[in-house]
Structures are given as structure tokens and as C-alpha cells.
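Engineer: Sequence:
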Amino acid sequence: MGDQAPAAHGGRGAGRPGRRVRRPPKERLGLGGGVRVTTTLTTTLSNLAGRVRPGDNHERDGGRRRLTTSGALLVVAGALLLLSLVRVVTGEDSITSTQQWVSAMTFAVPIGLAGLGGLWAERSGVVNIGLEGMMMLGLFAAGWIGWQHGPWAAVAAGIVGGVLGGLVHALATVTFGVDHIVSGVAINILALGVVQFLAKLWFGEEGSAASAAGGNDKQSPQMERLEPFTVPGISDGLGDIADRHWFLVSDAAGILRAGVTNVSWLTLLAVLLFVGSYFLLWRSAFGLRLRSCGENPEATESLGVNVYFYKYVALAVSGGLAGLAGAYLAVLIRMYQDGQTGGRGYLGLATMIFGNWRPGGVAAGAGLFGFMDALQTREAATVHAMLLLFSLGLLVLAVWQFTRGKRAAAATSVVLAGLLCLWYATTDSIPRELITASPYLATLLVLALFSQRLRTPRAVGRTYRRGQAR
Numbered sequence: 002m003g004d005q006a007p008a009a010h011g012g013r014g015a016g017r018p019g020r021r022v023r024r025p026p027k028e029r030l031g032l033g034g035g036v037r038v039t040t041t042l043t044t045t046l047s048n049l050a051g052r053v054r055p056g057d058n059h060e061r062d063g064g065r066r067r068l069t070t071s072g073a074l075l076v077v078a079g080a081l082l083l084l085s086l087v088r089v090v091t092g093e094d095s096i097t098s099t100q101q102w103v104s105a106m107t108f109a110v111p112i113g114l115a116g117l118g119g120l121w122a123e124r125s126g127v128v129n130i131g132l133e134g135m136m137m138l139g140l141f142a143a144g145w146i147g148w149q150h151g152p153w154a155a156v157a158a159g160i161v162g163g164v165l166g167g168l169v170h171a172l173a174t175v176t177f178g179v180d181h182i183v184s185g186v187a188i189n190i191l192a193l194g195v196v197q198f199l200a201k202l203w204f205g206e207e208g209s210a211a212s213a214a215g216g217n218d219k220q221s222p223q224m225e226r227l228e229p230f231t232v233p234g235i236s237d238g239l240g241d242i243a244d245r246h247w248f249l250v251s252d253a254a255g256i257l258r259a260g261v262t263n264v265s266w267l268t269l270l271a272v273l274l275f276v277g278s279y280f281l282l283w284r285s286a287f288g289l290r291l292r293s294c295g296e297n298p299e300a301t302e303s304l305g306v307n308v309y310f311y312k313y314v315a316l317a318v319s320g321g322l323a324g325l326a327g328a329y330l331a332v333l334i335r336m337y338q339d340g341q342t343g344g345r346g347y348l349g350l351a352t353m354i355f356g357n358w359r360p361g362g363v364a365a366g367a368g369l370f371g372f373m374d375a376l377q378t379r380e381a382a383t384v385h386a387m388l389l390l391f392s393l394g395l396l397v398l399a400v401w402q403f404t405r406g407k408r409a410a411a412a413t414s415v416v417l418a419g420l421l422c423l424w425y426a427t428t429d430s431i432p433r434e435l436i437t438a439s440p441y442l443a444t445l446l447v448l449a450l451f452s453q454r455l456r457t458p459r460a461v462g463r464t465y466r467r468g469q470a471r
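Each step along the sequence shown adds one to the number in this note's numbering, with nothing skipped, and position 293 is 294.
Everything labelled a hint here was simulated from the structure, so no lab data went into it.
Mixed in with the good hints, there may be bad ones.
Computed Cβ-Cβ distance ranges for the label pairs, DEER-style [stated by the list, open to error]:
(1) Val77 <-> Trp247: 15 to 23 Å
(2) Ala382 <-> His150: 37 to 45 Å
(3) Val76 <-> Ala409: 18 to 26 Å
(4) Arg245 <-> Thr404: 45 to 53 Å
(5) Trp266 <-> Leu199: 26 to 34 Å
(6) Phe177 <-> Leu423: 50 to 58 Å
(7) Phe280 <-> Thr404: 31 to 39 Å
(8) Arg456 <-> Glu380: 39 to 47 Å
(9) Ile334 <-> Leu249: 31 to 39 Å
Keep in mind it's a predicted model, so treat the numbers as computed, not measured.
Even for Gly, the Cβ is constructed at its ideal location relative to N, Cα and C.
Using the sequences and the accompanying hints, generate a full structural model.
Structural biologist: Pasting the structure below:
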């Protein structure tokens, strides 16, 4: 028996009685890992998640094939066709006007940044209900620093404020094992109280510099304006095409023009953050380790990954993105205002769920909710025309659901489409209160219709303690 054990392992010394084979030291993923280690973790996570690893165009989430690039382009083309058709039928040219879509982008950016922050947290296995509170911290920090040092300093301060909120959440959930929901709700309540107290102390105190500059307990003094940019030539050319009101072509030009006309530099930064998050989380070893913490932290720890470290990093980034969303709001109106976040942190969570925990899906969800939010700035007739648009959209969805064998869901979509069409035909306007609530109603409707295709990270929300690897 003594000479068979070494031989079974092979290598130098195999078959020599009494000598133990010296195995190479265990490689650790946290030290930069080679091809062998990365391949090991990739294989392990493939078995854990039961799907093809990222990089394969046939990746599946929860047994469902994810939307390909060609499929996404087809969806965009279909949406553009519906918008153009509704514009022609109703005569409401503002539906695809540049102003409407500039407003939609403006409203979508903070929602999207909050959703991206939630994605980072939950991909590491931590639920971040505290996004709203972290947005408040970023909003206040941006307002406080911005009026003294300008908008870019406000952006940096907002990110720092959000990071602090994210680290508090990490300390509670990762280090002390507090329930994720309890910690997130506590952060929202704590942030609200802290922000209101500091605003009264710093902005509202009589005789202070902030008060003399126009601040009070509800708002900060104004900061300098961050000038937007316009791409010359392209903006004018697209504007000329949009003004001709050609079917489909002018509509596409009007929407595209919103991306090159009066664009905030923070909007461009948000786009870069979405692209960067995708490549970092899905095309790097760091992202693979971080996402593995949200799938099976015990197995990940057994491979040498410091799970606590990756959760802390994810929550710091999550808080920073939420803080940036708050700073965006402050820079937009050039000040901090009490209650300015308006529940956008919760809408960010909804976009994360709608987007199936993927950056592209989060961006699409943010665009949808931003478009709905921007309707508050439009005329009543434009908002009324949206009823016809949503009715046609639900009919298209019903056809798709029927072809997939989801007859009950298809029937529900048809009924909803019929009700919206009847509403459009029998009325001339929509109550203003309903327009204000439209983003939240759209959130409920979208989540109800698409809940069947969701695939959450497997270990999200679960308390993990170091040393639990089996």
C-alpha cells in the first residue's frame, strides 16, 4: 500500500516507497490568478449556475436565452415603428420630438445610475434597499460642496457621500450579518434624518454664509451651472430631417438628435459607467469573482477568494453610483432641495429587476421609466396619445407571448390593451394626478408582465459568514 499511493498521483517520485509526493502550493484567485485558476473558477460557476459562461452568445439565465444584439435591435426598431405610427395617427409630433427625448434622458439618468448601483450590490449577493438613502447623502453632499467649489466638486462630493452610505451597509450586512432589508431600510431612515438635520444646521442657520447666499433649511445656495454640450453639424442636420415629419425617418432623427443636443456631461459619464460596468463585471477575472460571490459564496471561498473584500467593494461602488445619481439631481437644478430624490432610488431597484440584473436591461428600464417621468412636462394631448401607444405595445407583447405558449399571459395583455384603447377612444385627456403617478404604475405593470423571465443571483439576500465553505 505504501508504494501505491505515490504512484497513483504520478509525477516525480512516483513508485518510490516511503516518499511523499510534494504537491505545488494552492494558487489563490485573489493574487491575480493564472489561466488555470480562472478556468477552474469558470468551470465551477458553470456547474453552480447551470448555464454557459459569459462570452458565449448563447448564455442562458435561468434556462432562458438572453436577448441577443440582433434581437435588441429588432425590439428598438419595433418600438420606433410604433412611436411613428402613433405620431401619424394622433398628430402629436411632440411624441418623437427632440425636446421630449432630452427630457426623458434627463429623468432616466439618475434612475439608471441607482439601478446600476443595485446591480453591483446584488451581483455580489447583497440586497441594497438603501439606494434611496445613499442618493440623499450624495444629493446633500453635492449641494453643500457645489455652492462653494463648483459642479465638478459637487459630483465628487456626491460620490463620496454615497460611498459612505454603501460602506455602512457593508459593515452591517457583511461584517455583522444584519438582515439586508433591515439594514437598507435603516439607512434610508437614517439618511433622511441626517440630511434634514444638517440642512437646518448648515443652510438654515441665520447669519451663516450659506443663509446669506440664499440657503435655508430646505435648500442650499445655488452652485455654478454645468454647461451642456451640442455636437455641431450633426445636431443641425438631424434637426432638419426631424422637421420634415417623414414617417419613421423623421422620428428616428428627432430621437437621435436628443443624444447630440444639449447633453449633460454627467449623462455622458453615466453612459461610460454602464459600458465600463458591463466589461468589468462580465469580461474580467475581477467581475467573475465578484459575481461568484452572489451565486455561491461558500464555493467561491473554497477557491481562495476573499468574499468579504468583494462584497465590500461592490457595496462601495453601489453607494458611489447612487451618490452620483443624487449629485446629478443637485447639479441639474444647481442646488440641494429637500425631498428631491422623489423615490428614484426605489425606481432604480425596479429597473434592476426589469433588466434581469444586466447593465443593458437596466439601461432599457431606466429609459422606459424616464420617458414616463418626462410625460409630466408634456401637454395633456401628448400624454393622452400614450394610451394608444401602450395599447399597441401590449398587443405586440400578446402576440409574442402567444407564440411562446403563454396563453394566459397573452390573454391578460389583450385585455389590458383593449381597456387602454377604449380609454383612449372615449376620453380627450388624462387626470394630472395619474400622469404624476405614471412612472410608478408603469413599474408595477412591467414587473407584473415580465416577472416570469427573471433570474436572480442565487445567493442574494443570504447572510454569509466566513468559514462556512463545505
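Engineer: Lying within 37 to 45 Å: is that true of the beta-carbon distance Ala382 to His150?
Structural biologist: 44 Å, holds
Engineer: Holds or violated: 39 to 47 Å for the Cβ distance of Arg456 and Glu380?
Structural biologist: Once the Cβ atoms are compared, 40 Å apart, the range 39 to 47 Å for Glu380 and Arg456 holds.
Engineer: Given a hinted range of 18 to 26 Å, is it respected by the beta-carbon distance of Val76 and Ala409?
Structural biologist: 23 Å, holds
Engineer: Should the hint that Val77 and Trp247 are 15 to 23 Å apart at their CB atoms be regarded as holding?
Structural biologist: 19 Å, holds
Engineer: Does the Cβ-Cβ separation between Ile334 and Leu249 fall within 31 to 39 Å?
Structural biologist: 35 Å, holds
Engineer: Just to be sure I understand the hint, the distance between the Cβ atoms of Trp266 and Leu199 should be within 26 to 34 Å; is that true here?
Structural biologist: 27 Å, holds
Engineer: Using the Cβ atoms, figure out if Arg245 sits within 45 to 53 Å of Thr404.
Structural biologist: Check failed, 36 Å falls outside 45 to 53 Å.
Engineer: With 31 to 39 Å as the target window, see if Phe280 and Thr404 comply at their CB atoms.
Structural biologist: 34 Å, holds
Engineer: State, for the Cβ atoms of Phe177 and Leu423, whether the hinted interval 50 to 58 Å holds or is violated.
Structural biologist: Since the Cβ atoms of Phe177 and Leu423 sit about 54 Å apart, the hinted range of 50 to 58 Å holds.
In summary, the structure is inconsistent with hint 4 from the numbered list given earlier, while agreeing with all the others.
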